[in-house]
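Colleague: Sequence:
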Amino acid sequence: MAIKNKVIYLLFGLVFVVAGIVFVSMKVSEKTSITPNAPDSKPLAGAAPACSEIGTGLDCVPASTSNSGDNEPIGSIYCSTGNSSSPYSWCCAVGYETAYTNSAWRCVLKGSSSNSGGGSSGSSNNGGGGGGGGSNSSSKSGGACVEECPGSDGVLRNCTGEQAQSLCMWQGRKESCGGKDYCCPSANGAWTTDMTMCQPCNITGPTNLTTESISGTSQKLKWVNGEGGMTRMWVSKHSNPTSNCGGGDGDRGLCLANDRRFEDGETEFILTDLTPNTKYYWRLMTWKESGCDAGSATFDFTTSNAVCTPTTWTPDPALTCVGTNVTQTSNCGTTRTTPGTKNCSCTPSGAITCSTDCNSACGQQATTISTCTDSCGSLATKQCPATASCCTDTTWLPDPNLTCTETKLTQTSNCGTTRVVDGTKNCCVETTWTPTSLSNTCSDRKVTQTSNCGTTREVNGTKTCFADLTVATKTYADDSRNKEGVYYTDKEITKISRGQVMVYTMEIKNKGEGGARNVVITDTLTGQNQNLLSFVDSESKCSFNFTSKKLTCKIDSIPYRGAEKLKFRVRVSQTALNGKIIRNTVRATYGNKSKEDTIETLVSSIVTCNEVCSNDTECAAGLACDALSGKCRKPTCISSTTCDCTTANATVTATVTATRTPTVTPSVTVTTLPDADEDDLPTVTTTKTPTKEVAMIDEIDAGEEEDSLPDSGIFDLPQGAILGGGVILAIIGLFLAL
1 MAIKNKVIYL
11 LFGLVFVVAG
21 IVFVSMKVSE
31 KTSITPNAPD
41 SKPLAGAAPA
51 CSEIGTGLDC
61 VPASTSNSGD
71 NEPIGSIYCS
81 TGNSSSPYSW
91 CCAVGYETAY
101 TNSAWRCVLK
111 GSSSNSGGGS
121 SGSSNNGGGG
131 GGGGSNSSSK
141 SGGACVEECP
151 GSDGVLRNCT
161 GEQAQSLCMW
171 QGRKESCGGK
181 DYCCPSANGA
191 WTTDMTMCQP
201 CNITGPTNLT
211 TESISGTSQK
221 LKWVNGEGGM
231 TRMWVSKHSN
241 PTSNCGGGDG
251 DRGLCLANDR
261 RFEDGETEFI
271 LTDLTPNTKY
281 YWRLMTWKES
291 GCDAGSATFD
301 FTTSNAVCTP
311 TTWTPDPALT
321 CVGTNVTQTS
331 NCGTTRTTPG
341 TKNCSCTPSG
351 AITCSTDCNS
361 ACGQQATTIS
371 TCTDSCGSLA
381 TKQCPATASC
391 CTDTTWLPDP
401 NLTCTETKLT
411 QTSNCGTTRV
421 VDGTKNCCVE
431 TTWTPTSLSN
441 TCSDRKVTQT
451 SNCGTTREVN
461 GTKTCFADLT
471 VATKTYADDS
481 RNKEGVYYTD
491 KEITKISRGQ
501 VMVYTMEIKN
511 KGEGGARNVV
521 ITDTLTGQNQ
531 NLLSFVDSES
541 KCSFNFTSKK
551 LTCKIDSIPY
561 RGAEKLKFRV
571 RVSQTALNGK
581 IIRNTVRATY
591 GNKSKEDTIE
601 TLVSSIVTCN
611 EVCSNDTECA
621 AGLACDALSG
631 KCRKPTCISS
641 TTCDCTTANA
651 TVTATVTATR
661 TPTVTPSVTV
671 TTLPDADEDD
681 LPTVTTTKTP
691 TKEVAMIDEI
701 DAGEEEDSLP
711 DSGIFDLPQG
721 AILGGGVILA
731 IIGLFLAL
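At position 231 of the sequence shown the residue is numbered 231 (UniProt numbering), and the sequence of numbers has no breaks.
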C-alpha cells in the first residue's frame, strides 16, 4: 500500500510539470508565428530580389518627384521590390528597420529609364498610396548623388538638391552633408564640423539716407552710419547701382560712384558733375569683412534744372603780361575778356613767396610748392628739401628710482629732449611698527603690522597658548556609494545586524586657544565583544595593524577652533548573537595629554522594511526576508522597497483577436490511506484544476508600436504558476516516495 501511495504522489506532480511545459511551448510558438507589418531588410524565401545597396543595381528616389532616371538618392539607402507578404516597392534607410513605402520613396533601376511619377501600390499598414503610370524618359549615366563631405577641393557635394554644391563663400554659412553639420568660419575658408566657429555677424546697415540739392549738377548725400564696419557707397543712373557699377547689370558707363569707401566716420558726401534734370540711384552698405555686411535699401534723387553759376575761370590772368587781355572760359562754358596782371618788365630778385611755406618738421620728403610768386608778382615754384629723420624718445636718464619721491628731477631722452618728473625711490626708514604688543596673540598665530612708512609684515604672537581637544565617536549605516577613503554617513544607527557593515566616525575638535601638533588617534578593536568585528577599510590618514587589531591615524596639526573627522568601516560577524553589545573606544593623544570617547552598538537581527536580512526570523512582524534582494519585504508586495502594497499595478488594455484557444484542464484526486506498516496518517485529498486560454495575437492597442510583440514568456503568471506548482508537487512526491 505504501509503495502505491508514493507512486501516486509522483505521478500527480509529473502531470503538472507536463501541463506547464505544454503552455510554455504554445506561448513560444505564438511569438514566432506573428507576421511582421513591414518588409524586412532580408525578404523571405520566394520573395522578390533581396535588398541591394546603392551602387549595385537600385536607386532610392523621392516618390513625389518627376524622375527622369537621374534623381539622386538621399543618404545611404537600401532598396527592394517587396517580400512574400507585401508585394510593393519600398526603400529602407541603413541602420533602421522601418520600411518606407512609395508614399515617401521608390526604387528605380540604376542607369536605366524609370517610370516618372509612378510606383507600386503601398501597404495599408504603412500608409503608402497607390501607384500610377507616367511617361518614360531616359536617365543619365551615373545619376546617383554621391555625397562628398567635403570633397577633395573642399566643396560640400551633398544630396540636398540635385548634385548640390556648397561653397564656403561667406562667414557663418551652415550646411548639412552626410548626416553631419558643417560651418564656414570665414569667407573662402575651409568647412569645419566645429559649429562654434560660425559666430553671428553682428553689424547693422546705414539708416536715414537723405539728399540735399545744391545745384543742377551737384547733390549732397547724408546718412547715419551703421555699426560694426565701414561704410561703402554706389551711385548710378541705373536702378540697381551695386550690380551696375560692378559690371553685372546694364551699361557700366551709367555708374558715377563705384564702391566709394568712408573709413573715418563721414556722414555726408557731395556729388558733382551731375547731369541736370536726371534721376540717380544710390545705396550704402556697412561692411566688416567678406561675407559679413549689412546693406541699405536703394534710394534715388533727381537733379534740378537750374541755371549754371560760373565759379571758376581759366586761364589765370597772372600768366599774361600787364597791357595784354586774355579770354577766359568759366565752368559753365561762358567766356569773358580779362587784362593780364603779370609784370613782364620786372626782373625777379630771386625771392619767392608762397602761400604755404615748406614744412620744416623732421622726416619730411622733398616737395615742390607751386602756389608761389616771385618778386615781380609772377607765378613761381619753390623746392622744399627733405628734412632729417625723426627721433623717437625711447630712453630717459637719470632713472627716477634713484631719486626719493619727495624730489623732482630733469631727465634727458636719447633724442636730446628733456622733461621733469618725480622721483620714485622710497627713502622712508622703517622705525616703528603697529600694533606694538604681540602678547595677546598666541605664538602659533600671525599678527599683521604696519610701519611708519606704510609697509606691512606678518609676525608670530608671543603668548603661550594650549590646545584643548574633544573626541566624539558615532556609528552610521553603510551606504552603497561608500568605498575606501570615501564614506557617506547619512544614517546614524544604534543597532546592527550580523553580517552587516557599519561606519565608525572619530571627530576631534580643538576648543583651546593654541594649536595641537602631532595628534595621534587610535582605536583598538579588542574591547567588549569587538572580537565580533573585522576591519574593512579606512581613510588614507589611517593604517590598521591586523595582528594587534589597532587602527592608528596621524594629524600634523589642528589649529585653534579647527576640527578633523576620520572614518573607517568594520563588518559584524555572521555568528554574532542578538542582544550582544559591542563597545568601541577612540583615543586622541597630543603632547602629554589624551582624550577618549566610547560608543556602544547593539547586535539586533530584527530589522525593518528594506533592511538587510538572511532569513525571516530577522525581519519585523509582517515582513519576510526576500531571497532575491536579501532584504526584509512585505510578502504581498515583495518588490516594493517601502513595503507599501496600496499602489495598484498599471494595467495595459489590449485588443486581442483569438485564432485558437487550447484549454488544458488536468484534474487529479489522490486519496492517501495509512499503510499497516507506517505511522497513522490523516486522509489527504488534493484537487488542482488550472485552466488557461492562449490566444494568437494579431493586433495590440495599448499605446505600443504596431510591430511590437506582447511582453510575455515562460515567466508569465498563468504558465509560471502552473509550471511552478507542478515542480513543487513533483518534489513533494519524490520526497514521500523516498
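These are calculated hints, taken from the structure and not from any lab test.
Treat each hint with caution, since some may be false.
[Claimed, not checked] Here are the simulated distance ranges between beta carbons:
#	residue 1	residue 2	range
1	152	261	32 to 40 Å
2	465	436	18 to 26 Å
3	272	298	19 to 27 Å
4	353	265	32 to 40 Å
5	602	466	32 to 40 Å
6	449	548	25 to 33 Å
7	220	322	50 to 58 Å
8	267	393	53 to 61 Å
9	402	453	15 to 23 Å
10	583	629	44 to 52 Å
11	405	436	31 to 39 Å
12	322	350	55 to 63 Å
13	265	431	56 to 64 Å
14	466	548	42 to 50 Å
The structure displayed is predicted, hence computed values, not measured ones.
We put the CB at the ideal spot given by N, CA and C, even for glycine.
Colleague: For which of the previously enumerated hints does the structure constitute a violation, in increasing order of number?
Modeller: 6, 7, 8, 10, 11, 12, 14
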